[in-house]
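**Student:** Sequence:
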Amino acid sequence: MTRDDLDKLLQNIDAAAAAPEQKVRIIFQTREIGDKKRAPYQSANVFQVPSDLEYARFFHERNVVAAIHWGEPDITAEALSAGKPVGICGTHSLQHFMACVCEQAQVGMPLIDWKTCTVKSLALNFAGLLKSELREIAKRLSTTFDREQPVNTAVKTFYAKLPLEAMRCDVDPSKLARVFDPPHKLKLSLPVYVAIRDKTKVFVPYKPLRFGGSLPPTFFILGTPVKVSHQAKPSRQFDAVRQTLDLLEATGILLDSRTFSCSSIVSNPGSLVATPEQIEMFWSSVEEEAEVRKATAVAYERLVKKPQRATKREAIMRFFRFRKSTQRREAEQLTSVE
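If you're matching positions, the sequence shown starts at 32 in the working numbering and goes up one per residue.
A couple of the hints might just be wrong.
The calculated BS3-like cross-link candidates involving lysine-lysine, where the alpha carbons are at most 30 Å apart (straight line), are [to be verified]:
no. : residue 1 : residue 2
1   : Lys206    : Lys337
2   : Lys232    : Lys216
3   : Lys162    : Lys68
4   : Lys206    : Lys68
5   : Lys216    : Lys192
To be clear, the hints were calculated from the coordinates, so they are not data collected in a lab.
Small disclaimer: the values here were computed from a predicted structure and weren't measured.
Let's have the full structure, built from the sequences with the hints guiding it.
**Tutor:** Right under this line is the structure:
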């Protein structure tokens with residue numbers, strides 16, 4: 032739309048609004064075209080306002096009875112939620128679709144083509160939006176708008192589909208697992224990791240979930256990727272879990288030359304003792320640190336010493352090995368008897 036097109040449209044709107052059978056007043060808002068210092072269009076029936084004013088404010092005014100706009104879904108929803116009939120202006124197919132939706136719902140008019148509209152056609156559009164039937168249906172529709180319900184439903188659905196068991200720490204189920212202990216196949220939270228780490232233990236970041244379209248989550252542990260049958264999303268530039276582990280390891284080296292009144296000072300990254308910064312991150316005092324460390328170590332050792340259940344594949348393989356060994360012994364016994 033050029034400056035001349037905008038001037039012509041404003042003049043047609045002004046003439047249509049001034050018709051004796053209409054007697055409506057128009058608040059006109061659009062993006063500035065051409066010279067930004069140009070004075071806004073103002074007359075007895077049309078008042079042009081700056082584009083930076085919040086449009087939702089107009090929809091909730093009592094004297095505003097309808098809205099005509101360019102078909103943006105958010106503006107359409109805002110107007111209908113305020114109980115205002117809507118008219119869609121434009122030439123694009125999406126604008127035509129939105130106008131058809133509103134017309135079929137009996138809360139709007141057919142598409143208004145700003146390139147071909149006339150004073151007469153605009154006057155008919157204004158009259159259509161002022162019909163009491165249209166306004167009544169729009170008001171009834173506004174009662175169905177609930178901003179909280181869709182958000183709550185989306186959050187509830189999101190959490191319902193999360194594999195929470197795969198995300199919980201094995202030592203402390205109330206914590207989120209962020210670290211994996213490959214030798215013992217244990218999922219650990221960051222506080223548990225800080226409490227039980229030492230030089231002999233091997234840990235890797237635990238990122239169990241990869242989402243791909245409508246497919247179910249794929250389990251994945253960093254360092255041992257799983258082949259997937261679909262195109263995976265590109266990896267992120269930064270690995271937050273890896274950076275957190277590196278930070279926890281590096282703080283011991285960086286703070287080695289500093290002196291603290293706290294007794295927990297690390298001289299090497301693999302030490303069981305956390306730095307003061309780590310204590311402040313997970314525990315409020317040295318006493319709480321010692322107590323939690325002790326309880327965590329006991330729970331961890333209990334899980335490590337607990338016999339691991341065999342997987343289905345291991346059980347099947349063991350079954351067939353047992354059958355083969357049994358058949359071999361029976362054959363040897365039969366041969367010796369013969």
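**Student:** Now tell me, hint by hint, if it's right for this structure.
**Tutor:** Going through the hints against the structure:
Distance restraint check for Lys206 and Lys337: the Cα-Cα separation of roughly 21 Å lies within the 30 Å cut-off, and the hinted pair is therefore satisfied. Taking the CA atoms of Lys232 and Lys216, the gap is near 12 Å; set against the 30 Å cutoff, the hint holds. Under the criterion of a C-alpha separation no larger than 30 Å, the hint pairing Lys162 with Lys68 is inconsistent with the structure, at around 38 Å. At most 30 Å may separate the alpha-carbon atoms for a hinted pair to count; Lys206 and Lys68 exceed this at roughly 58 Å.
Between the alpha carbons of Lys216 and Lys192 the distance comes to roughly 24 Å, so the proposed pair stays at or under 30 Å and holds.
Violated hints, in rising order: 3 and 4; the structure is consistent with all others.
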